[in-house]
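> Next come the chains, spelled out residue by residue.
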Amino acid sequence: MISSIRQITSMSRATLLSLPRRLAISLSMVGSIMLVVCVLCGFLAMARGFEITLQSAGSPEVAVILGGGTREETNSEIPAEVARTIMAMSEGISVVRDSRGTPLLSNEVIVPVEYRDHPDAAGEMLALRGMDPTGPDIRREVILSSGKYASPGTREIVVGAQLAATYPGFGIGEDVRLGPVVWTVSGHFSAQGSAFESELWGDIDAVRAAFNRVGEVQSLRLRLTEPSAIKQLAMAVDPLAGAQLKVLSEADLYASQSQGTSRLIQLFGWPIALLMAIGATAGALNTMMSSLSDRTAEIATARALGFNRLSAFVATWLEALLLSAVGVGLGLVLSWLTLNGWQTSTLGANNAQMSFRLVVNGDVMATAALVGIAIGAIGGALPAIAAARVPLTVALRARG
Amino acid sequence: MTISEKDIPFIALNGVSKTYRSGSERLPIFAGLDLSIGKGEFIAVMGPSGSGKSTLLNLLAGIDQADSGSIQIGGQRLDQMGEAARSAWRAQHMGIVFQFYNLLPMLTAAENVELPLLLKSISGRVRRERVSKVLDIVGLNGRGRQSPTKMSGGQQQRVGIARAIVADPTLLLCDEPTGDLDRKSADQVLAMLGFLNRELGKTIIMVTHDPEAAAQAGRTLHLDKGVFVEDEQVMA
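Protein chains in written order, with our numbering: chain A, 1 to 400; chain B, 1 to 236.
Some hints could be false.
Where chain A lies over chain B, by a calculated footprint (3+ residues, C-beta under 8 Å) [unchecked claim]:
{"id": "1", "segment": "55–65"}
{"id": "2", "segment": "84–92"}
{"id": "3", "segment": "104–118"}
Worth flagging that the hints you see were computed from the coordinates, not collected in a lab. All of these numbers come straight from a predicted model, not from anything done at the bench. Where is the CB? At the ideal position from N, CA and C, for every residue including glycine.
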């Protein structure tokens with residue numbers, strides 16, 4: 001056993017010391033694995049960042065009521081009389097009230113609006129949310145960072161921090177054309193990086209009036225005293241079956257939205273990464289076969305001296321694993337430095353741009369590292385087996 | 001009449017046959033080869049290219065296997081051992097000197113010499129002592145830390161010899177040990193092999209094309225087309 005460990009150690013050391021002879025091809029293997037890790041980190045960080053942005057917007061203590069049997073706000077419609085009935089029922093439901101005793105309940109509509117930086121620019125679809133004055137109070141993570149919230153009945157909007165950072169035209173006091181109507185920016189808010197930061201908020205009546213949606217309610221939001229009160233709410237609205245109401249927590253709403261897009265990102269990302277990984281595995285195989293060819297005489301000599309097959313196998317495999325580990329390490333560092341926190345945007349669930357930051361966290365790095373190491377392990381296995389089977393007769397005639 | 005140790009066969013090949021395949025063609029190398037070598041003999045094996053010298057060495061080293069016949073060395077049937085057992089046997093009883101030295105260039109001379117000792121259960125201190133001792137025997141004391149790539153051919157071959165004897169094997173197989181050396185270096189290497197045979201009692205089998213090298217041996221076997229055509233004994 002001790003002898004076997006010594007053989008493996010000695011053979012591995014000799015193999016690693018001979019690496020400078022194969023520097024160029026070894027670096028190409030490191031580089032290809034690094035690229036795979038970067039690509040993997042890229043789309044996984046995108047999916048993870050998207051999930052985090054949406055999920056952090058959802059609170060389990062906020063109930064969302066949608067109408068028309070849908071789970072999406074843009075397709076939802078709650079008849080005005082049903083909305084009024086629910087508001088009237090709030091006495092019997094565990095809804096949080098503000099200091100004046102007003103229940104924290106908000107009628108809301110969300111309208112995708114076209115925004116252009118300047119007249120010739122391509123239009124971007126942004127989400128304009130109309131809400132009752134209680135709307136911001138329902139969302140505890142929201143902080144008015146500057147200015148003021150929109151006054152009832154006025155064409156004022158408050159702008160989420162991500163939008164304010166992305167588009168230069170959203171300075172406080174500036175007039176902004178959204179679709180056919182001009183709005184004045186009254187303030188900016190932050191929401192701990194969540195999806196709300198990609199929204200524009202205005203007064204519900206002003207929004208409905210501007211977009212011919214008078215009387216329309218797409219969702220009702222209520223801050224509950226505790227998450228379990230959502231069952232009580234669902235039972236209370238159950239008799240209003242004609243409106244096909246769905247009662248769900250805000251956390252569940254955003255989780256289901258994030259899953260869809262996150263899956264879509266992964267659906268496109270994984271095949272690309274796997275194709276690249278297959279290419280990198282072929283590259284690793286080629287590199288290690290080249291390494292084997294370079295070391296054949298040395299392996300055969302050691303085996304002729306009495307070294308066992310296992311030492312030749314382990315030394316070759318270890319080289320592959322080491323090179324892939326270097327590629328993985330470089331790929332992770334590069335991804336973390338360049339991708340982590342990088343802000344981008346995509347079309348969100350409300351058919352509007354949603355900004356989010358890429359997140360290169362432990363999960364993302366572990367998955368990418370695992371794939372990178374697997375490339376080395378698989379690409380190095382065959383050459384390692386071949387190393388263990390090097391014909392010893394080569395040693396006696398090899399020019400060492 | 002007394003039987004000396006040299007009269008008892010240390011190595012015995014009986015009816016050894018070996019054929020190589022080249023595509024569909026069969027190339028017979030040996031067909032029933034017999035050989036008997038006593039312990040402590042210094043044998044030179046000569047013959048033209050393709051006569052079977054290398055194959056003989058490979059069979060004796062256990063790195064190739066005969067198709068039939070028996071190969072017995074020191075009372076052990078090499079032909080009946082598995083691959084792993086032959087490896088272990090080589091590590092225990094045999095040293096090999098290669099024509100092109102076959103030193104690992106990334107290791108120092110001492111690390112190269114130490115390789116066979118890594119196969120044995122001995123401490124690092126004892127290993128270092130033995131490496132130092134054999135480097136002294138081959139005249140390279142103090143050169144252990146030098147890279148073989150910075151040594152002359154003669155010096156590299158002496159490192160190769162030190163590696164072959166460091167584990168104190170009973171049998172040394174030398175494949176053209178002077179084939180890549182100038183005359184002066186070749187003479188030094190041959191003198192060393194002679195010393196190892198005479199003073200340390202090593203049994204040596206040396207394949208060579210060089211008649212001067214063969215002259216150092218006590219017995220010269222001439223191989224031609226897989227058959228020993230001459231067995232020349234030098235009287236001491």
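> Three or more residues of the segment 84–92 of chain B near chain A by CB distance under 8 Å?
As far as the segment 84–92 of chain B goes, the hint holds, because 6 residues have Cβ atoms under 8 Å from chain A.
> Count the residues of the segment 55–65 of chain B whose CB lies closer than 8 Å to any CB of chain A, then report whether that count reaches three.
Since 5 is at least three, the answer is holds.
> Checking C-beta pairs, does the segment 104–118 of chain B have three or more residues closer than 8 Å to chain A?
Our answer is that it holds, as 7 residues pass the Cβ test (under 8 Å) against chain A, meeting three.
Every hint, counting from the list given before, is met by this structure.
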